[in-house]
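Q: Listed below, chain by chain, are the residues.
Protein chains: 2
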Amino acid sequence: MTAPRAATTDVEALTANQRFYEAFSSAKFEQMNALWARHVPVTCLHPGAAALVGRTAVMESWRALFLGGPPFELQSHDAVVSVIGEVAVVVCYEAASEESSHLVATNVFVREEGEWRLVHHQAGPLSSRRTPARSVSKLVN
Amino acid sequence: MTAPRAATTDVEALTANQRFYEAFSSAKFEQMNALWARHVPVTCLHPGAAALVGRTAVMESWRALFLGGPPFELQSHDAVVSVIGEVAVVVCYEAASEESSHLVATNVFVREEGEWRLVHHQAGPLSSRRTPARSVSKLVN
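If you read the protein sequences in the order shown, they are chains Z and Y. Numbering-wise, the numbering used here puts 3 at position 3 of the first sequence, and it's gapless, one number per residue. Numbering-wise, the numbering used here puts 30 at position 30 of the second sequence, and it's gapless, one number per residue.
Please keep in mind that the hints were generated in silico from the structure rather than gathered at the bench. Do not rely on the hints blindly, as some may be mistaken.
Have a look at the derived ranges for each label pair, beta carbon to beta carbon [as the list claims (entries may be wrong)]:
no.: 1; chain 1: Y; residue 1: 113; chain 2: Z; residue 2: 67; range: 30 to 40 Å
no.: 2; chain 1: Y; residue 1: 31; chain 2: Z; residue 2: 8; range: 16 to 26 Å
no.: 3; chain 1: Z; residue 1: 85; chain 2: Y; residue 2: 65; range: 22 to 32 Å
Derived contacts from chain Z toward chain Y, CB cut-off under 7 Å, selection only [what the hints assert, rightly or not]:
no.: 4; residue: 46
no.: 5; residue: 48
no.: 6; residue: 53
no.: 7; residue: 57
no.: 8; residue: 59
no.: 9; residue: 82
no.: 10; residue: 84
no.: 11; residue: 127
no.: 12; residue: 131
The C-beta atom is built at its ideal place from N, Cα and C for all residues, glycine as well.
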């Protein structure tokens, strides 16, 4: 018996989301570069910063961030995903290493060439830190 | 001569984005309610707050926010849009009335029954206020 397609798709999108945080935490530019879409426009909103529009600007920001090595370890918690056709919207909390979450993020993915790739990322601060409830979750509305 | 379909679609999504800020500024709950998707799960990240998952939680937050009348006027500036099939990702700055922008936002829309409806909203603070460059813009990557 195979898992329903919807569930499989959700897991694939959440796995791509997890890879984003692994690329960030290891400061691996090529891994990060591979995660972003190539066939649709991309945008990125780093915490507090102005909007980055277009692949060149977004990837330059990651290259600059990774120049001095890993900025810090960043973990994803309590992710929920909504898959709409070839697009997946993931919402998750972000925590530095063992700490409680201090940011909340939107990660939008598109399926390109069989892979879920990022088209948009926004992270913003939480007013109060949050203890993770679970590592991964699916969206049930 | 008609406009190319892609351009028309972009304008329609940006118009829906504009309606979101009109609903917010006028505190019209029914207008806000009509703007959110009915057939896919929705999520909302108000500035600093924990994630709201599901239509009931999201609409309850708007109802509570609008209880005392319009919270404040909120304008959208420098919006860029990326349309991917039936999904549109809009990034824009948010400004209270005549002030410069103090927030930056992600608004994700899905086309349902011929209308662009919100599936996700996140707004977060900018580290420094930003003077609007233009009222509306399309994404060119």
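Q: Next, verify each hint and record whether it holds.
A: Going down the list of hints, with the structure as the test:
Separated by about 48 Å at the C-beta atoms, residue 113(Y) and residue 67(Z) break the suggested range of 30 to 40 Å. Taking 16 to 26 Å as the suggested C-beta distance range, the pair residue 31(Y) and residue 8(Z) does not conform, at roughly 38 Å. Taken as a hint, the range 22 to 32 Å holds for the pair residue 85(Z) and residue 65(Y), whose Cβ atoms sit roughly 31 Å apart. Interface restraint check for residue 46(Z): the shortest CB-CB distance to chain Y comes to about 10 Å, outside 7 Å, so the restraint is violated.
Residue-level restraint check for residue 48(Z) holds (minimum Cβ-Cβ distance to chain Y is 3 Å; threshold 7 Å). A cut of 7 Å between beta carbons decides the hint on residue 53(Z): the least distance to chain Y is about 5 Å, and the hint holds. A least Cβ separation of about 10 Å between residue 57(Z) and chain Y goes past the 7 Å threshold, and the interface hint is therefore violated. At a threshold of 7 Å, the smallest CB-CB gap from residue 59(Z) to chain Y is about 12 Å, leaving the interface hint violated.
Taken as an interface hint, residue 82(Z) checks out: its beta carbon lies about 4 Å from the nearest beta carbon of chain Y, inside 7 Å. With a cut of 7 Å, the hint placing residue 84(Z) at the interface with chain Y holds, because the nearest CB-to-CB distance is about 5 Å. Annotation: interface hint on residue 127(Z) holds; nearest CB of chain Y at approximately 3 Å, less than 7 Å. The restraint placing residue 131(Z) at the interface with chain Y is violated, with a minimum CB-CB distance near 11 Å, outside the 7 Å limit.
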